[in-house]
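> Dock chain B against the given chain A, drawing on the hints supplied.
The listed protein sequences correspond, in order, to chains A and B. For what it's worth, this note's numbering labels the leading residue of the first sequence as 1, then goes sequentially. For what it's worth, this note's numbering labels the leading residue of the second sequence as 1001, then goes sequentially.
Careful: at least some of the hints might be erroneous.
Lysine to aspartate or glutamate pairs mimicking EDC-like chemistry, simulated, CA-CA at most 16 Å apart [as the list claims (entries may be wrong)]:
{"id": "1", "chain 1": "A", "residue 1": "K288", "chain 2": "A", "residue 2": "E67"}
{"id": "2", "chain 1": "B", "residue 1": "K1009", "chain 2": "A", "residue 2": "E74"}
{"id": "3", "chain 1": "B", "residue 1": "K1013", "chain 2": "A", "residue 2": "E67"}
Quick list of the computed label-pair ranges, beta carbon to beta carbon [claimed, not checked]:
{"id": "4", "chain 1": "B", "residue 1": "E1014", "chain 2": "A", "residue 2": "V127", "range": "46 to 56 Å"}
{"id": "5", "chain 1": "A", "residue 1": "M183", "chain 2": "B", "residue 2": "A1017", "range": "54 to 64 Å"}
{"id": "6", "chain 1": "A", "residue 1": "A40", "chain 2": "B", "residue 2": "A1017", "range": "55 to 65 Å"}
{"id": "7", "chain 1": "B", "residue 1": "E1068", "chain 2": "A", "residue 2": "Q281", "range": "18 to 28 Å"}
{"id": "8", "chain 1": "A", "residue 1": "R77", "chain 2": "B", "residue 2": "K1099", "range": "25 to 35 Å"}
{"id": "9", "chain 1": "A", "residue 1": "R43", "chain 2": "B", "residue 2": "K1009", "range": "27 to 37 Å"}
{"id": "10", "chain 1": "A", "residue 1": "W199", "chain 2": "B", "residue 2": "L1022", "range": "28 to 38 Å"}
{"id": "11", "chain 1": "B", "residue 1": "K1009", "chain 2": "A", "residue 2": "V221", "range": "58 to 68 Å"}
{"id": "12", "chain 1": "B", "residue 1": "K1009", "chain 2": "A", "residue 2": "V127", "range": "50 to 60 Å"}
{"id": "13", "chain 1": "B", "residue 1": "T1004", "chain 2": "A", "residue 2": "K184", "range": "25 to 35 Å"}
No lab work stands behind these hints: they were computed from the structure. Just so we're clear, the structure is a prediction, and the values are computed from it rather than from any experiment. All residues carry an ideal CB built from backbone N, CA and C; glycine is no exception.
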Amino acid sequence: MFNTIEEYLEALKNEMQGGDSALLQDALADAREHLSTALAVAREKNAELKESDALKIIIDEYGTPEETASAYKEVERRTSPSLKQAVKPQSWIIRFFGVYADARAWGALLYMLIAFITGIFYFTWAVTGISVSLSLVIFIFGLPLALLFLLSVRGLALVEGRLVEALLGIRMPRRPLFSHQGMKWFDRLKALLTDKATWLMLVYMFVQFVLGIVYFVLVVVVLSISLSFIAIPFLQEYVHQSVVEMNGVPYVLPMWIYPLLVLTGVLLWTTFMNIARGIGQLHGRFAKWMLVTE
Amino acid sequence: MVDTSFATKKFQKEMNAGTSSLVLLNVLSRSKEPMYGYQIAKLLEENGPDLPLMKQGTLYPVLRSLEENGLLSSMVEPSVSGPPRRYYTITEEGREAMKEWLEIWKQTKKFVDTILKG
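So that you can see chain A by itself, here it is in the shape it has in the complex (with noise of 0.2 Å):
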């Protein structure tokens, strides 16, 4: 039925279509995994053996694409990711509270302040990357050196696919891509050089430069600012400390507009939780539809 290990794998993409991409993506990479070992195997004991003859004893055991779909299917279906949470109508100050139980505010809150690390590596890293191997071109040494890092790219990939699910509960490839095995480094270099995902990759690194420092930017000013605010009272009655100052008179804030002082920070800092746990999604997105292959 199946001629080669690809018209399999293409057969259990069909079968798996409409399902999350990353999920497909292990699928692949599982399958493939033990097909090409299984064949390989097959090989050593009877070298003479076809391709089609061995592959069609090795699925009869593997299973078909449909049975293997639904078992993928049928565990993930049992194993939802830690950070989704059943989700109950409530009133809207409740919901906007609750804030401070979502682990998903609390994860993408520490997933904008890493963000800012990651991606300057990743700017750094593309930047040197592509800078060096294109300029070493000229020599045959380059070539080799562009294949590695955009091995490295990929392995980026996978690893900022790990944060992106840790913090912000978006399910992301728990596999590393792989497609070009038993190939010359001349040819897998090719391929790599060919395939859209390498360079959504790279973009991703960039982009991740600029997002990173926005992400940061806003977290540590809403963060001070809501502070400032609370303090306001602990500084005025505590340190004898004024935080208003008009050409260069100081100005001391009437003890009645504490508690409005200390509600704002609160309720600004709430609404920046809020709105961070929104970011946290969208980027989640965004990072799934640049490092997934569909």
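Below, chain B without anything else, positioned relative to chain A:
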């Protein structure tokens, strides 16, 4: 006529859903070295009944979900032939879980046997 083969298949699948996790944890707890999917599948085939109860392809998603729950850990290593392989090892939590599952399995087996004997 009722299609019993469909119901039988479904029954087998549901049985496997629980037992395969226990079997996989047990295989990995005995192995001194990390194992990859094909190795585990072969081992089960050699020790299993003549008619295999489950397709090898269904082992992989189970391995993955065990890893997701922290009962297994894994690492990818390149292989000489073909794509890189994912090697699985059992974690401390995995060993703990296996002990408990084994107890549940023993209880279930005893219970079912008693009922079936009548």
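> Does each hint hold? Answer for all of them.
Against the structure, the hints come out as follows:
1. Distance check on the hinted pair: K288(A) and E67(A) sit about 26 Å apart at the alpha-carbon level, beyond 16 Å; violated.
2. At roughly 15 Å between alpha-carbon atoms, K1009(B) and E74(A) fall within 16 Å of each other, so this suggested pair holds.
3. For the hint linking K1013(B) to E67(A), the alpha-carbon distance of about 11 Å falls within 16 Å, and the restraint holds.
4. Range check, E1014(B) to V127(A): Cβ separation about 54 Å, and the 46 to 56 Å hint holds.
5. At roughly 38 Å, the beta carbons of M183(A) and A1017(B) sit outside the given window of 54 to 64 Å.
6. The given range of 55 to 65 Å is broken by A40(A) and A1017(B), whose C-beta atoms sit roughly 30 Å from each other.
7. The hint said 18 to 28 Å for the Cβ distance between E1068(B) and Q281(A), and at roughly 21 Å that hint holds.
8. Remark: the range hint 25 to 35 Å for R77(A) to K1099(B) is upheld by a beta-carbon distance near 27 Å.
9. Roughly 32 Å separates the CB atoms of R43(A) and K1009(B), a value that falls within the hinted 27 to 37 Å.
10. Distance hint for W199(A) and L1022(B): a CB-CB separation of about 45 Å, inconsistent with the stated range 28 to 38 Å.
11. As the Cβ distance of K1009(B) to V221(A) is approximately 59 Å, the hint placing it in 58 to 68 Å holds.
12. Evaluation of the 50 to 60 Å hint for K1009(B) and V127(A) yields a pass: the beta carbon distance comes to about 55 Å.
13. For T1004(B) and K184(A), the hinted distance range of 25 to 35 Å is not satisfied, since their beta carbons lie about 53 Å from each other.
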